Amino acid sequence: MLRLLLRRAGHGVLIVWLVATATFFLLHLAPGDPIAASLDSPLTPPAVRAHYRHLYGLDQPLSAQYGHWLVMVAHGDFGFSFPHRRPVSAVIGSALPNTLLLMGVALVLAFAAGIALGLIQARHRGRPLDWGLGIGSLFFYSMPDFWLALMLLFLFAFVWRVFPVTGMFDPIMYPYYGFWQRIGDRLWHLVLPASTLALLSAAAIARFQRAALLDVAGEDFVLTARAKGVSERRVLLHHILRNALLPVITLFGLALPVLLGGSVFVEKIFSWPGMGLLTVEAIGTRDYPLLTAAVVIASVLVIAGSVIADALYAIVDPRVRLE
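Throughout, this note's numbering is defined as the position within the sequence shown, counted from one, plus 2.
Ranges of calculated distance between the beta carbons of each label pair, as one might list FRET restraints:
no. : residue 1 : residue 2 : range
1   : I122      : H70       : 52 to 60 Å
2   : Y179      : G34       : 40 to 48 Å
3   : L248      : I17       : 19 to 27 Å
4   : M153      : D217      : 28 to 36 Å
5   : T252      : F27       : 27 to 35 Å
6   : M74       : L248      : 37 to 45 Å
7   : G136      : L248      : 16 to 24 Å
8   : P99       : F156      : 25 to 33 Å
Just so you know, these hints were derived from the structure itself, not from any lab.
Here the structure is a predicted model, which is why all the values come from computation and not from measurement.
In this text, a Cβ means the ideal position worked out from N, Cα and C, and glycines have one as well.
Given these sequences and hints, build the entire structure.
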C-alpha cells in the first residue's frame, strides 16, 4: 500500500506543478497591471510605478519571472503581496487555518449525515420516509451553493435571529470571553457556513450511499449470511455497510474540490476570513503572487484528499493492496 500511496503522491506533485505553471502564465498574460491596480491614484508619478515594477521584477521577461518564481516556490517562498504589503506566506498563514476549520467541520457533517440518511433510506426502501428523504436530498443537491447560503442567512440570521450574520467571532464581547466561551462563540459563528457546505455534499453522499447499500444487499454473500442465521444487525454493519462504503470513499476525493469551490462563495457571503474571501479580494486587486499561491494550495489540498481516499480505499478493500 505504501508504494501505491507514494506513486499517487508523485503524480500529485506533477499535477500541482502543471496547475501552478498554467496559473502563473495565465495571470501574467492577462491584460492589466497589478502595480497600476495597487497604486491607482492619478497623483502617483510614473517613476514610482516604474520603481515598484522593477522592485517586484515585473519589468523582466516573462520566462525570467517564471524561473525566479519557480526557484522561490521551491524554497517555500511565494513572494510579496502588493495590496497587503506583507509576504504571501504570512497572509495565507492567517487565512488558511480558518478555511481548513470550515472545510473540516463541513466534511465531517456531510459524510456523517449523508451515510446516515442513505442508510435510513435503504432500510425504508419504497416507503414514505424513503420518498421524503429522497425528495429532500434532490432539493438540496440541485440548489446552487450561493443561493442556499443566502436562504440560510435570511431565515436564521435576519428573520429568526438564531445565528450571527457574519464573521467568525463576536468583535465586541470576544476579548472578554473565557477559553470555553471563545470556543462556543467560534462554533456558533461556524454553524451557518459549515451547514451550507455540508448540506450540499450530504445530499449527494446520501444518494450514492442508498444506491450502494441496495446494490450490495442483493449480493450472494449477503443472502448466504442471512441463510446461515447471522443476525440482521451484523449483516447490515459487517457485510453490507462495509462494502457499500467503497463508492462513498471515492466521493471523499471528489468532495474536497466541491467544498473548496463552494467555500469561495460561502466565505464571501458570511464574511468568513478564509482562503475563499482572500482569493476573491486578490482577484479584484490583481495580486498575482497571492492568487498563484492560493491555486497551488488548493491543488495540494485536492491531491491530499485524493491520496487519503486511496489510502482509505486500500484499507477497506484488500484487493487494492494486492494490486
